[in-house]
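Each chain, written out:
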Amino acid sequence: MSLWRQLTHGLRNLTHRSARDRDVTDEVEQYFAEAEAELRSRGLSAREARRAARLEEGNVTVAKERVSGYGWENAARSLLGDLRYAGRQLRKHPVFTLTATLTLALGIGANATIFSLIDQALVQALPVRDPGRLVVLSFAGAGPGHTSSEGGSTEGHRHEFSYPMYHDLRDRNTVLDGLIAESPLTLGVTWNNHAESVKGEMVSGNYFQTLGVRPAAGRLFVAGDETAPGANPVAVLSFDYWKTHLAGAPVVGKTLLVDGLPFTITGVAAPGFHSMVWGHTPDVFVPLSMEQVLTPEWQFLNDHRSYWIDVAGRLKPNVTREQAEASLNTLFLALRASEFTQLRDQSAKARQEFITNAHLNVEAGANGFSPLRGDLKMPLTIMMGMVLLVIGMVVVNVASLLLVRAAGRMREFSVRYALGATGRQVVQQLLAEGMLLGLLGAALGLAITPGALRLLIHWTSAGSGSGIPFRATLDWRVLGFTLGVTLLASLLFSLAPALQFRNPRLAEAMQQRTGTSNGGSLSFRRTCVVLQIGLSLLLIVAAGLFVRTIDNLRHVQTGFVTDNLLAFDLNPSLAGYPATGIVPVEQRVLDAVGALPGVRSAGATNDADLASADITGDIVPAGYTPKPDEDFDVELPWVSNSYLQTLGVPLVAGRYFNAGDTATSERVAIINQSFAKHYFGSAEEALGHHVSRPNKANTDATIVGVVRDVKHASVREPAVATCYTLFAQATRQTGLTFYVRTSQEPGAMTASIHAAVAGIDTKLIVGDLRTMAVEIDGTLVAERAIAMLAAAFGLLAMLLAGIGLYGILAYSTAQRTHEIGIRMALGAQRGTVVGLILREVLLLAGGAILATIPLAMLATRAVRSQLYGVSVADPVVYGAGILSICVVAALAGFIPARRAATIDPARALRTE
Amino acid sequence: MTDLNTDVIQGTLDLLILKTLSLGPLHGFGIARRVEQVSAGVFKVNPGSLLTALQRLERAGWLDAEWKQTENSRRAKFYSLTRTGKKQLEAETADWTRRASAIARLLEAEG
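Line by line, the protein sequences are chains A and B. With the working numbering applied, the first sequence corresponds to residues 5 to 916, in that order. With the working numbering applied, the second sequence corresponds to residues -15 to 95, in that order.
Everything labelled a hint here was simulated from the structure, so no lab data went into it. One should not assume that every hint holds.
Claimed, not checked - Derived DSS-like pairs: lysine-lysine, alpha-carbon spacing no greater than 30 Å straight-line: (1) A:Lys681 - A:Lys631; (2) A:Lys381 - A:Lys203; (3) B:Lys3 - A:Lys68; (4) A:Lys381 - A:Lys715; (5) A:Lys700 - A:Lys681; (6) A:Lys353 - A:Lys631; (7) A:Lys700 - B:Lys70; (8) A:Lys68 - B:Lys70; (9) B:Lys61 - B:Lys3; (10) B:Lys52 - A:Lys68; (11) B:Lys70 - B:Lys52; (12) B:Lys3 - B:Lys70; (13) B:Lys28 - B:Lys71; (14) A:Lys68 - B:Lys28; (15) B:Lys28 - B:Lys52.
Produce the entire structure from the sequences given, and follow the hints as far as they go.
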């Protein structure tokens, strides 16, 4: 009520100012008239009554002013007045206004862009019902058996559960309103006779209900859809996939071929929803119970020892996370104890690791589990740090521009003081100008932010489809943060010069000549110069280090030739091939592609190179007893007999695989040097030995060759011990990554490769045909993004430093025109004068650089984990950074110095 | 003229206005005169403070204001107590009584 009155009365007074003034005047005058009337009724004359009333009640005008001065609207009106005046000032100086606004827009836009990414990756909740009640489950404890991980797990926080464990936790807990699970996989989908590979997610039946996701069409899964293994071929489409790939056609009840099997589409999920896992953007959802038919080689559903699904839950109302964790742990440990009885190793140590050390973590999960988040944190933090440095530069820059301008307005302020303005009013006026500039900059900055976001997303998702689902939209958190930053920045850059003009000694200021300047502003200008040089040096050093890092990574010696090398994925089971048909068709594809004109050779592996993929396990020489606690994990790719030659991995001893090695011939293996060294001491020693996987039948193979070590998972990681065997002799049949060595520009080969595969079977899907260079870039997304941003910010810093330094130096040199005139009249040469000014600038720059270097080394130590092949104290980076900042400073000082030195001494002397 | 302090005790102007208006609507001068008369000249309010306070109380929702003719046919702004104003008066009266009696007790104890 009263707040409402405050608002309406205030607004009425603001908009009807004259009516309000009249009201106050009438009321006050009526008051005095009554007082006079009363005095006259006591017998005073009209004149005496008037005098007496004034004496008793005070001055009419003072009373009026006091009354009409009440209310918030007066403050608002004076602020509006200040802003209007500020607007006029800014319009009058378009060059200054444009420079300052653009500078601010760049800083604020960069800030909003990076903050938006951080917000999306680390803060934003999943777009589901009441995300605050979601929890993410993980566990500590041993998990002997098979783990199929997509990353994101850390020590004590394993995010992969077995299906039976999930099942029991879901059905026997008393604290959750639903426990859901998912596992990602690639699916081969045929719609309208067009086959393609898509991102799929196997989900629990209660998945959509528990998350509170509504259908955009048809119905989504219910608990009953998770049936007996393989019994319910149904699918739900994501909204985006439905719109972009199926053209939003009516699909409910229609049949979709998934891995060659008919699935009935039950519905389409609501727009905006992707997955319970942040970072997943599945196109097609199928029930978890269909795992049996979609990955027949695995058969995970009834296996306690296969860890493969991510699990999340929704807390019941009135149950806290701590209560849920305690209750679920009791259940979890009981289930583990019963699982343990089924394990082969019943030793006390195994029991300790499996039961005693086990713990179920129930963690807040409003933003969902994400395998990406851990990898994104550091790069995003670095980017935010750089952006804050840029904002710091912008603040100093605009502050110095404002100062220079304010100094030119000395007379204006003097006149205002003379007319009775208080120091507070002048500061308020300067603040209003600063705020207006800040808001202009913020508006422009926010206008460019979505574009900048789109550009950044495009950069980072270029290459193989490692698309991080960032969106180029701004939410209220980004807007709030940007507003906060803007206000703080505006306050800083307008306050510094404003304080210089608070209450100057009036008489002195009135007599102020341009030839003199007060000490306070001199030291402030020096601070500005030092800060600008320091901040930009920091940014340039960061840019140098990151650019060198990405350069080093791009030119890392992988051990094989990456030029003219194409890769594509092909999985016959996505086209509905049964297990027995997979190896023959893969061999046919190899032969067909290898015979294409322009192709030198073709090879294949199930463990793609430089694509952040790993297939590891233990393999030991026959008869070798592992030492206790010996844990020697080895990379175990299954390859074609042409693979090593196609990649060009050099042979060290023995022979390559060849056409004589077939599915039915003797089982053979080729190992790399690291492997040979660990078990046999040398390459030659290894030849002829047998290796096999412990506890796995039909894995014994003879070592026939030893090859040089090559980089595998990524160019960053050192080579690991590797044992290559033939996919034709493998225990399972899987999809492969094919490598094609071309004798010409690889990009020109894509059409003929597609045609060759289609010539074998049109249902076969050639997935993600890319060059090796693109593949490598795909694993360096974060490094590339940081390097590009750092380079952009480094250049921006140089530009800002140039503008800012020029502004200050031009002003302070102009201040010294008189002095320079005297020097020249006394016989100083132009060169001497220029040298005089330059020396001062470079001395300041030198001081700034000396102060910044230790800071830079400290700051870059924090990002050492993101650097590659370059020291945090790299002399080239620092040298180039220092040199370039000195050049900028010298240039910014030279131009005004030369101008000062070329004017006629007689004229210089006459300048006031 | 005496040198006795006629200033309103700090913080009590609102209470005096509300109490005065509880007897019926009045214009600014009327309120001032009533306060002076009832307090037998102990308190005297000046128009600047009084009219500003009236605006404040009106904004707070405790008073309503209306332009009307006075007895001697001048246009004047009459203030009257709203329902929330009455409640506020009760609350402030109770508060004042509590404090005043506490001060009285303290002064007596000292004597």
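Query raised in the report: Straight-line Cα separation of B:Lys52 and A:Lys68 no greater than 30 Å?
Result: holds (20 Å)
Query raised in the report: Is the hinted pair B:Lys28 and B:Lys71 satisfied, with a Cα-Cα distance of at most 30 Å?
Result: Holds - the C-alpha atoms of B:Lys71 and B:Lys28 are around 25 Å apart, at most 30 Å.
Report task. Would you check the hint for B:Lys70 and B:Lys52, treating anything up to 30 Å between C-alpha atoms as holding? Result -> Given that 30 Å is the threshold and the Cα spacing comes to 22 Å, the pair holds.
Query raised in the report: Holds or violated: are the alpha carbons of A:Lys353 and A:Lys631 at most 30 Å from each other?
Result: Given that 30 Å is the threshold and the Cα spacing comes to 16 Å, the pair holds.
Query raised in the report: Is the straight-line distance between the alpha-carbon of A:Lys68 and that of B:Lys28 30 Å or less?
Result: holds (19 Å)
Requested in this report: Would you mind confirming whether the straight-line C-alpha gap from A:Lys381 to A:Lys715 stays at or under 30 Å?
Outcome: At roughly 25 Å apart (the allowed maximum being 30 Å), A:Lys715 and A:Lys381 satisfy the hint.
**Report entry** B:Lys28 paired with B:Lys52 [C-alpha distance capped at 30 Å]
**Finding:** holds (25 Å)
Query raised in the report: Within 30 Å, alpha carbon to alpha carbon, are B:Lys3 and A:Lys68?
Result: holds (25 Å)
Query - Given hint B:Lys3 paired with B:Lys61 - CA-CA distance at most 30 Å - result: holds (18 Å)
**Report entry** 30 Å limit on alpha-carbon distance, applied to hinted pair A:Lys681 and A:Lys631
**Finding:** holds (17 Å)
Query raised in the report: B:Lys3 and B:Lys70: Cα distance at most 30 Å?
Result: OK: B:Lys3 and B:Lys70 at ~9 Å, within 30 Å.
Query raised in the report: Does the alpha-carbon distance linking A:Lys700 and A:Lys681 stay inside the 30 Å limit?
Result: holds (24 Å)
Hint check: a violation occurs at hint 7 only; the rest are consistent with the structure.
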